[in-house]
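Undergrad: So the chains spell out like this:
There are 2 protein chains.
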Amino acid sequence: MEIQIPFEITLWMLLASFAKIGFHVYHKITIWVPESCLLISIGLIVGAIMHSVHETPPAVLTSNVFFLYMLPPIVLDSGYFMPTRPFFENIGTVLWFAVVGTLWNSIGIGMSLYAICQIEAFNVQDISLQENLLFAAIISAVDPVAVLNVFEDVSVNEQLYIVVFGECLFNDAVTVVLYNMFTFVAEMPTVQPVDVFLGVGRFFVVGLGGMGFGILFGFVAAFTTRFTSKVREIEPLFIFMYSYLAYLVAELFAISSIMAIVCCALTMKYYVEENVSQRSCTTIRHLVKMLGSISETLIFFFLGVVTITTEHEWNWGYILFTLLFAFLWRGLGILVLTQIINPFRTISFNMKDQFGLAYGGLRGAISFALAFTLPENIGRKQLFVTATIAIILFTVFLQGISIRPLIEFINVRRTNRNLDTINVEIHCRVMEHTMAGIEDLCGQWSHFYWKDKFMRFNNRILRRILIRDARAESSIVALYKKLELQNAIEVLDTVSGEISAAPSVISLQEEQKESSKQKMSLMTEDLKNMHKILSKNMYKIRQRTVAFTSKHALPNDSQPREILIRRHASIRRSLRPGSFQSTSQKYFSLPAGQSLGSKYPSSRLSHAGKLLKQILHTLPLGIT
Amino acid sequence: MEIQIPFEITLWMLLASFAKIGFHVYHKITIWVPESCLLISIGLIVGAIMHSVHETPPAVLTSNVFFLYMLPPIVLDSGYFMPTRPFFENIGTVLWFAVVGTLWNSIGIGMSLYAICQIEAFNVQDISLQENLLFAAIISAVDPVAVLNVFEDVSVNEQLYIVVFGECLFNDAVTVVLYNMFTFVAEMPTVQPVDVFLGVGRFFVVGLGGMGFGILFGFVAAFTTRFTSKVREIEPLFIFMYSYLAYLVAELFAISSIMAIVCCALTMKYYVEENVSQRSCTTIRHLVKMLGSISETLIFFFLGVVTITTEHEWNWGYILFTLLFAFLWRGLGILVLTQIINPFRTISFNMKDQFGLAYGGLRGAISFALAFTLPENIGRKQLFVTATIAIILFTVFLQGISIRPLIEFINVRRTNRNLDTINVEIHCRVMEHTMAGIEDLCGQWSHFYWKDKFMRFNNRILRRILIRDARAESSIVALYKKLELQNAIEVLDTVSGEISAAPSVISLQEEQKESSKQKMSLMTEDLKNMHKILSKNMYKIRQRTVAFTSKHALPNDSQPREILIRRHASIRRSLRPGSFQSTSQKYFSLPAGQSLGSKYPSSRLSHAGKLLKQILHTLPLGIT
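Going down the list, the protein sequences come from chains A and B. FYI, the numbering for the first sequence is 1 to 624, going by UniProt numbering. FYI, the numbering for the second sequence is 1 to 624, going by UniProt numbering.
Excised from the complex, chain A in its bound form:
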C-alpha cells in the first residue's frame, strides 16, 4: 500500500503544529518576532539536519501541491473572514493598489533589472527582458500574514488595515495572472504590440471571469444549504466542496482561481450561516480557520526547509539590486498611487499611512511557490529561485521584525473603531438611509445608493431564494443575533469554567464569581430586552418605508421626487421620539415589570424545592 504519502504529510503537519505550540508556550517571543520568522527558522534547522544526513527534500512540496492543496485553504480563510463592510467601502482603493500597484511593481522592477543586466560586470547579460518581467511579477506579490498580525496587535486605523488586507488578497490573483502571461510571453521569440493589447484584455477576462465563477458557486452553495436541515452532519462539507470546486473549475478554465474562491466565500457566507445550524456554523468557521492556519504554517516551514535543501545560484549584483529595486519601486509606487487616489477618498492617507503601506510589503508564500513553478527552459531558473528566497527572507525577517517597533514609534493613526455597539449600528443605518435619500434627490448616485438598491434586491429576491427561513432580517437584528450568540457562548464558557473550579475552591473566590455571573445573566437579560425593543421598532421603520416606496414606485415611476419626499417624511415620522418611546415602554414593561418580577422568584423557589425533595427522596438512604 502506498502508505508513505499520507504518513509523510501527517508527520510534517504534526511537526509544524508542534512548532506552533512551542512558540506560544513561550508567549513573549511571538510578540516581537512574527510567527512566520520563527517557522522559517525552524524550517531552516530541519533543513540543515536533513541536508547533513543527505536526506532528499520533502517529496510533499511541489508547486502542484501548493497550488492545489495549500493555497485554497489560505485564500478561503481570508475571503471568509474578510470584514465585509470596510472592504466594500474601500474597494476602489483596494483594487487600485492591487491591480495598478502590482503592475507598477512588476514593470518597474522588471525594466530596472533588465537595465542592470546590461552591465557586463554582473555576468547576467543572458537574461532577456521577458524573463526579467516574469521574475519581477513573481516578487511583486505581497504576503499579508506577518504584517496583518502586527497591524491587528497595534490596532492601526481601519483604512490602512483593510487596504493591506485587500491588496494582499487581490494582488495574489494579479500576480498569478501576470505570471501566466509572462511565462507565455517569455517563451515567445518576439513580442508584438498586439500581444500587449491581447494581454491586457486577457487580464480583465481572467479577473472578472474568476469573480463571476466565484459568485455563481457561492449562490449555488447557499441554495444547497437550504435543503440540508435533515443532514446536519455533512453541512460544513458543502462549504468546502463548493469553494474548492470554484477554485478548481476556475483553474480548469485558466481564469483567476484565487478570485473565484474569494468571491465564492464572500457570496455564500451570509446565506449559508443563516441556513445551517449553530453547531455547523461553529464547525465551518473553526475548520476554515484551522485549514488556513495549518497551510500557512506548513508553507513557511517548508520555505525554511527548501531554502537549505535547494541548490542555489548566488549572484551578488543581481540579488542585491533585486532587493533594492523591490524596496524602491514599492515605496515609489505607494507614494505616486496614494497621491492619485487621495482626492477620491473621504479619509485620505497621510505620510505615516503611506509608510505603513510601503513598509508592510513583505513577500511570502505566493512568490516562493511561483518561483518553483518556473518552467525548466528558463536559463537562470536557479538564480531566480535564489533571488526570490533571498527577498522573502530579507523582507520577512528584517521588515517583519522591525515593523512593530517602527509603527509604534512613528505613531501611525490608531483604529477609530470600537466594538460594534448598537448605537453605532443604528446611527450608521439611519445615516445610510438618509444618504441614499439625499443622493436620490441630488441625482448623484454613489455607493450608498447602490448599497440601498442591493439591500432591497437582496431582501426581495436573493434571500427568498437562498435562505430556508426567508423572512427579511435587518442587519441590526443580525448584529443582535451575533452578539447574543457570542454572549451565550461566553456565559457557557464561564459556567463550565466555574463548574470545573467549583469542587476544590473555597467560598470567597466563588462568591466573587457568583456575583460576576449574576451580573452577566443580568446583562443577557438586558440585551435580550434591548434586542426585542430595537428589532421590533427598527423593523417597523424599515418595513413601513420599504412598503411605502415599493407600493408607489411600481406604478408611478415618473414621480420620483414626490416619493422621495414622502419617504423622507416617513422616516422622520417613525423616528419621532413619542412614537418610539411609547412602543418601547409597552414592550419593556412586560418582561421586567414588578408584578412578574415578584412572581418569578417564588415560583422558581417552589420549583427548585420540589426538585430538591425529589433528589433527597431518591438517594439511597436505606443504607443507614
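The set of hints was computed from the structure by calculation and includes no laboratory data. Owing to the predicted nature of the structure, the values given are computational and were not obtained by experimental measurement. Keep in mind that a hint or two might mislead.
[To be verified] Covered stretches of chain A, as calculated for chain B (at least 3 residues, CB under 8 Å): (1) 4-14; (2) 269-282; (3) 286-292; (4) 312-320.
All residues carry an ideal CB built from backbone N, CA and C; glycine is no exception.
Add chain B to chain A, keeping to what the hints say.
TA: Same frame as chain A, but now just chain B:
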C-alpha cells in the same frame, strides 16, 4: 497541473452528498428503506449510465484509497462516539462474538464451501481449501451501519445494541487479520500444523499490538492538547493527526490498524474534550461525524457503481451456496455462542435477542474492499468478487429492509435506559462504590473493583499528566457539565430561533414561546443549583473516602480488613440523611432564597431601565 484527481474526488463527494440530501427531502423513504440501500441503488443507476457511455469506472476507488482514506474516518467515528459505559460492561460478550464468532463463521463457511467445491456439477473444483477460507474470511465481516440505524430507531435494548455495535467494530479487525493470514496461507503450497499455531499466535499479537499502539497514541494526543490553549484554531487537527498516525503506524507494523484507531479514539476522547475549548470540542465532534458520514455514503455509492462496471463471473451453485452458508453459519453461531456466554451474563440473551443478532448480520464495506484487494494470482478472483457483491446486495437489501418490520413484529425487548438522569447516575455511582467495597471484603474482584482501581489511578496520575486543569472531577460533575452545556446550547438555539422569528410573528405565538423560554431558564437555574449541591456533597464523600484510604493504606498495608470496614463506615456516615440534608439546605438557601430573590428582580429592573434610558438618549432624535 494534476487537477483531475481533486476535481473528480470533489465531484463524487458532491454527487453522494446530493443523493443524501435527496433522500431526506422525501423523508418517508428513509424510514422503511435504509439509506445504504438507497445509496447503492443510486450507485447502480450512475454505474449503468457510465457503462452505457463506456466510461471507465471511477479511478478514485481502489482498495488502497479505501483502506488509507475511507476506512479510518468511519472507524474513528465509531470509536469516538462509542457509548463507553455499556461497552465496557459488555466487553466480554462483545469480544466473544467478535473474535470467536468471526472465526466460527470463517471456518464454517470456508469448510462447507470447500465441500461444495468437490461436487463436479458446479464446475469449481479448482478452488482450494485455503482460497475458500480466504473468501469466507472476507464475507464474515459484519457491517453495522444499516442495522444500527434500525436498532436506534426502534430503540432495542441496550445489550443487543452494544453487542452488535462492538461486534461490528472488532470483527472488522479480526477479518482483516484473518484476511492477511489467509492470503499468506493461500500462496503457500502446503500448510503444516506449526503454521496454524503461528497463525493463532500472530492473531493475538496483531490484535493486542493494535490496542497498545492506539492507547499510546491516545495518551500522547491527550498530553499534547494540554498545551494548545494558545493555538485554539488548530486544536481539532491534533485529534485527527494522532488518530490517523495511530492507524498508519499500526498499518506499517502490520498490526491491526482498526484496533489502533478505535483504541486511540477511546483513550483520548475524555481527556481531549476537557482540554480543548468548547468551540474546538464542537468542531471535533462535528468533524468526526461528518468525515465518517461522507466516507460511508461514498462507499455504498461506489459499491453500486462498481457492481455495474466490474466484470463478473457468475456461478449459480457457488453463489447460492455462499448465501445459504453465510446465513446458516451466522444463525448457528449465534445460537451456540449465546448458549455458552449466557451463564456468564447478568442479563442473558433470550430467543428474540438471538434473532436480532443473527438477522442483523448484514455484510458491507469491509467485505467489498477486501474482495477487491484480493491478489491477482488467485484463480477465481472474479468469482469471489461477484459472490461478495451478491451477498452484500442480498443482505443489505433483503435483510436491511425487512429487519425493521420483523423486529417490531416479534417485539424484541426495548431499551431499558432513559435519558441519563441525575438520580440514575447517583444511584449507579453509589452502587458501584458499595459493590467495590463488598467485593474487596469478599476477596472476589470483578469489574467493579477494577473500575474503582482504574478511576483512582486515573484521578491520581493520568488526569494530572494529561489534563491542563488537573483537578479531579467526578463523573457526576462531568455529567452535569455535559447536561449544562447541552442545555445552554438548546437555550441558544431557542433564543436564536426566536430572534429570527420575532420581527414578523404576532404576539400570541410569541407569548407561548416566552413562557416556554422562562420555563427553560428556570430549568437551567434549578439544574445549576442542583449541580452545586450535588457536586459539593458528592465531592466531599469522594474526597473524604479517598483521603481516608490513602492515608492508611500506605503505611499499614497489612490491615486491609480494618480499612475496609472503616471505609464502609465512612461511606455510610457521609450518606446519612441528616448530614446531607443539612449541608444541602445550607447551600440551597443561598442562591434561591426569598431575601435574595426579592432583591434580584428590582436590581435587574433598575439596571435595565438605566440601559433603556441610555438607548433612548442616543437615538437620533434630533432629526425631528
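Undergrad: Hints first: check each against the structure and report whether it holds.
TA: To see whether the hints hold, each was checked on the structure:
Counting residues of the stretch 4-14 of chain A whose beta carbon lies closer than 8 Å to any beta carbon of chain B gives 6, which meets the minimum of three for the stated coverage. Residues of the stretch 269-282 of chain A lying with their CB closer than 8 Å to a CB of chain B number 6, which satisfies the three-residue condition for coverage. For the stretch 286-292 of chain A, the proposed coverage by chain B is satisfied: 4 residues have a C-beta within less than 8 Å of a C-beta in that chain, meeting the threshold of three. Coverage of the stretch 312-320 of chain A by chain B is violated in this model, with 0 residues showing a Cβ closer than 8 Å to a Cβ of that chain against a need of three.
In summary, the one numbered hint that this structure violates is 4.
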